[in-house]
Amino acid sequence: MGLVERKLKVFYRKTKKGNIIKVVREHYLRNDVWCGYEGCRECECEKPILDMPDISDSTLVPEPHFIMIDTNVALHQIDVLCDDSITNVIVPQTVVGEVRHRSLPIYKRLRDLIETSSKKFYVFTNEHHNECYVEREAEESANDRNDRAIRVACWWYKQHLRLCNQKIILLTNDYANRDKVRVMELEAYTTKEYVSSLKNRPGLLDIVASGEEDKGEDTITQRCLYAPHWSMDKIRQSLKTGKLRQGCLKTSRNNFLEANVLVEGLDKSVLIQGRLNINRALNDDTVAVELLPEDQWCRPANVIIDQEKQEEENKDKEEADEDAIKKEDDLLAAGQGEGELQPTGRVVGIIRRKWRQYCGIIKKNEITESIIKSRGELSYEQAQQRIDDPNMQDDLTNSLRNLNMLAKQLKKKRIDAGALVLASMEVKFHVDPDTDTVVDIVAKQHLETMSMVEEFMLLANVTSAECTLKHFPDCALLRRHPAPPHSNFESLLVAAKSQNIELDVSSNKTLAESLNNVTRDNNPFFNSMLRIMTTRCMMQALYFCSGTLEPTEYADIIVHRLLAVIIEADRTYPDLLNPKKLADLSQHINYRHKMAQYAGRGSAVITAIQLTLYLDKREKKKEKKNPTKGAEPMEVDKIHAPEFEFNEKELFVKCGSVIIRPFDHLKIQVTVDTSDVQHQRVVSKLIEPIIPGFSVPSLKRESSEPKETTSKKRKK
Amino acid sequence: MADISLSEAEKRYIVDGVKLGIRVDGRERLDYRQLEIETGLVSTANGSARVRLGCTDVLITVKMEMEPPPPQQPNDGQIHFFVNCSANAAPEFEGRGGEDLATSLSAMLDRLYSSPLSLDTSRLCVVPGKHVKVLYVDVEILECGGNLFDTVSLGVKAALWATRMPRIYITGEDGGELEFMVSDNPQEVDRVDVSNAPILITHLRITENLTVIDPTPEEECCGPVQVVVGVTPKGLITTTQQLGAGTFAPQTLSASLKMEVCGKEGREVMLMCYGEKAEKRRNKVLSFMDRKRKKWCLCTGVRIGREFDCFLSVLRTKWVTSLC
Chain V
37 MGLVERKLKV FYRKTKKGNI IKVVREHYLR NDVWCGYEGC RECECEKPIL DMPDISDSTL
97 VPEPHFIMID TNVALHQIDV LCDDSITNVI VPQTVVGEVR HRSLPIYKRL RDLIETSSKK
157 FYVFTNEHHN ECYVEREAEE SANDRNDRAI RVACWWYKQH LRLCNQKIIL LTNDYANRDK
217 VRVMELEAYT TKEYVSSLKN RPGLLDIVAS GEEDKGEDTI TQRCLYAPHW SMDKIRQSLK
277 TGKLRQGCLK TSRNNFLEAN VLVEGLDKSV LIQGRLNINR ALNDDTVAVE LLPEDQWCRP
337 ANVIIDQEKQ EEENKDKEEA DEDAIKKEDD LLAAGQGEGE LQPTGRVVGI IRRKWRQYCG
397 IIKKNEITES IIKSRGELSY EQAQQRIDDP NMQDDLTNSL RNLNMLAKQL KKKRIDAGAL
457 VLASMEVKFH VDPDTDTVVD IVAKQHLETM SMVEEFMLLA NVTSAECTLK HFPDCALLRR
517 HPAPPHSNFE SLLVAAKSQN IELDVSSNKT LAESLNNVTR DNNPFFNSML RIMTTRCMMQ
577 ALYFCSGTLE PTEYADIIVH RLLAVIIEAD RTYPDLLNPK KLADLSQHIN YRHKMAQYAG
637 RGSAVITAIQ LTLYLDKREK KKEKKNPTKG AEPMEVDKIH APEFEFNEKE LFVKCGSVII
697 RPFDHLKIQV TVDTSDVQHQ RVVSKLIEPI IPGFSVPSLK RESSEPKETT SKKRKK
Chain C
43 MADISLSEAE KRYIVDGVKL GIRVDGRERL DYRQLEIETG LVSTANGSAR VRLGCTDVLI
103 TVKMEMEPPP PQQPNDGQIH FFVNCSANAA PEFEGRGGED LATSLSAMLD RLYSSPLSLD
163 TSRLCVVPGK HVKVLYVDVE ILECGGNLFD TVSLGVKAAL WATRMPRIYI TGEDGGELEF
223 MVSDNPQEVD RVDVSNAPIL ITHLRITENL TVIDPTPEEE CCGPVQVVVG VTPKGLITTT
283 QQLGAGTFAP QTLSASLKME VCGKEGREVM LMCYGEKAEK RRNKVLSFMD RKRKKWCLCT
343 GVRIGREFDC FLSVLRTKWV TSLC
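Chains as they are written, first to last, in the working numbering: chain V, 37 to 752; chain C, 43 to 366.
Excised from the complex, chain V in its bound form (with noise of 0.2 Å):
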């Protein structure tokens, strides 16, 4: 009794990076697998667990018996298993490890009908056994081997259960392997079959699934109404090879079923006719585009088809996808248009998606989703001008009024609650498109559609941050700015300070408060000024796990993500909800997110030293203003000082008898040093208060240039 033979099971996997190993696993055949019936006299079980019941419920099987169960039995009819009048099962070690291998819920709800000791499930470790071990034969596939396995493993039964007198069937939803089993003489039925005959248990007919008897099992035909996209890497290589082009996809204003793409190297750009065309690119959307050949091309047609109106009309109408596309076909070819015919493609892919605001539209704090409806394309300056312009009335213009109280509501309830309103300068720089040289710098001017931009960017911000909270209590990636320790404001006071300033940094509300409170009549920039230096006393943004859109597109993606799971549109992934997994996530975003500003500042003053460059070369040396950006603090360039006192408790600048103050105006002289090739730098040169010996004459007529400069300057 015990080990009887080794066997070697012999199978070949491939490997992710492509090569092949051999597994050979060694396989051990025992004479003592024992059957598990309490009334066998041959096995020496030690604790049986079938037991045999004196009558049978089954008009089928009158003689009281055990059931043999197939692996499909196990997939599809796990239900009917449950039940509580089906007991003593036995259960082939095949079986179970195909169930496994196939659903592991299902593979978890066997196991658990085989833990639970009133259910008398029994598994017969018959891959082990053996007088029931079957090898794989030349021409015989893995499945119909396991099925033999099965097969015999029935047989085996019956042989060994004719001792005491007692019978075993097989229960199958396949149809071939029932009558093979028929074939050697056992008894065999399908679930149907076998439920049906139960006398005593009429229900349980209802819960045996059906349609599975036969079929094969994946043969769930799934309609795809859209080809589907393209794997990457096959676009990338077939743009490569030429096969493919790619371009942005503009859907025309007048036709929401045609579409034109923009591809370089050709003249005319590639018309896209029918919704199957298209297959859900959007507008803007940077897509992979297929030809077709000549004579498929088309004219672009030459009515107008608008997507409300269609949908409007087939309300009514429950159509098939089919119909309806058919349907806009014809329509679309009834549109053709005369004129050139048109290189006509079709999408296969899309390569970047143009990622709007997808927030979805929010409603009571609610978040649905929704296809944003572009209504028109305008900048600032556009949309400013439309609501300045009171003779504008259209219902455009008013929606941006609306909109533009809507956001000063939402702005003063900000406010209100304590929220910093800070400033940072930006120039803006304007360039003749034609020489491709700078014109003029001025101060980007803020304008009120900016902050209502803002404002609605905030609200979506904070809504799904609220959202991915409540749902998500453990995963949700927020931002948050952290409290800036009062050291941070040290500066900041001591130059305030200097100003005969009082500010209040305890909280946020007092900070904004007293801010606001601070003007110069004789200084417009003075605040500003103060909120550039405030703005610098502030924390980085962090993100941290438990979103926002702004900066990082990845946090953006992640938040998107959830709110996609929150409104159903979108499954989870376990890295998704892991908060751990998330928390790292948000420390690597706020790592990159901190470079990615120090990158920033740093091309602040590569921009400056180019524009400078760009100056430079037009005019020699011509005085500009000084990019107050908050940028580059430009320092004192001490070394040709006379005598510099600096105070640092009060903090000023003295020579002689001129003391420069933060906030005093100054005019300075900013000039590329380009002696070192390899380091060019901004140069800053005072040129007013005059210091003799150290300040530099103007070299600009003073009449070109009448605004006064200002600049906060800094002890080095």
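I should point out that these hints are in silico values taken from the structure, not numbers from a laboratory. There could be a bad hint or two in this list.
What follows is a list of derived Cβ distance ranges for each label pair [what the hints assert, rightly or not]:
1. N236/V to M223/C: 48 to 54 Å
2. A212/V to Q229/C: 18 to 24 Å
3. D235/C to A263/V: 53 to 59 Å
4. M223/C to S154/V: 25 to 31 Å
5. Q284/C to V59/V: 15 to 21 Å
The model shown is predicted, which means the values in this text are computed figures rather than measured ones. Think of the CB as a built atom: it goes at the ideal place given N, C-alpha and C, for glycine as much as any other residue.
Fit chain C to the given chain V structure using the hints.
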């Protein structure tokens, strides 16, 4: 190779015997010792063989891997040889002692199989330029009892013959690249075509005009110089190499080869290997020599009959006269 000390008298005895056509163990000059070949004994390898020729004992395993081909040969699979001289085989192999011999053996095998006429490596190609089958042949010298080159070459041929590679199907194209899949049936395998695979035959010069094949270690002491010839079943000489320091008079060599090996008798060396079923019963491996028919049957055939027709090849050593 093996370090054996013989007295002058013993050497004399061997040399004089060869002159009279009688070797110490009773063989003729061009006789092989008893040969045993077993295949399929390493289950984790794709192919394996163990060859015993007299006291010489070598184990050869073949492993298949998928690798990208070198850019200059995008359509060819590859075969690599690695020889390890175990210190168990001979005391002088201890440490790095066996390295020189191992290198010369693997270099010899490389040359032997370098020609497409001996092994068509293009049949090992799966996806041109991307995936080819690479065969790694590992040779382990277990015991060194003379005539190592011949034994190893026989073993390599037998192991390649026994190699089973899972069948590979091209399943489709993804992004312009062909995808492949391994057959899930372990019995669906491809074989290596070894019908043209060469073997090595070593001639030891005993005296001026006499050579012996398959020398014992004792005989190797008596003759300082050997010539190793690689030859395919079709009689194509693929490589030759001289071992040891000494002169080998060309006339002697060619005359003796021509006359004694392929001469009038047309002596054939028949190299057989057992078939699938014999392999399963490798514990009953036998071998025999059929001297009467002047044939060398190298086989382990348990049964002579239907399975016996699975043989490696019939090798006719038609020595090319223009050897020198």
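Each hint tested on the structure:
no.	hint	result
1	N236/V to M223/C: 48 to 54 Å	holds, 50 Å
2	A212/V to Q229/C: 18 to 24 Å	holds, 22 Å
3	D235/C to A263/V: 53 to 59 Å	violated, 44 Å
4	M223/C to S154/V: 25 to 31 Å	violated, 45 Å
5	Q284/C to V59/V: 15 to 21 Å	violated, 45 Å
Figure legend: structure checked against the earlier numbered hints; hints not met, in rising order: 3, 4, 5.
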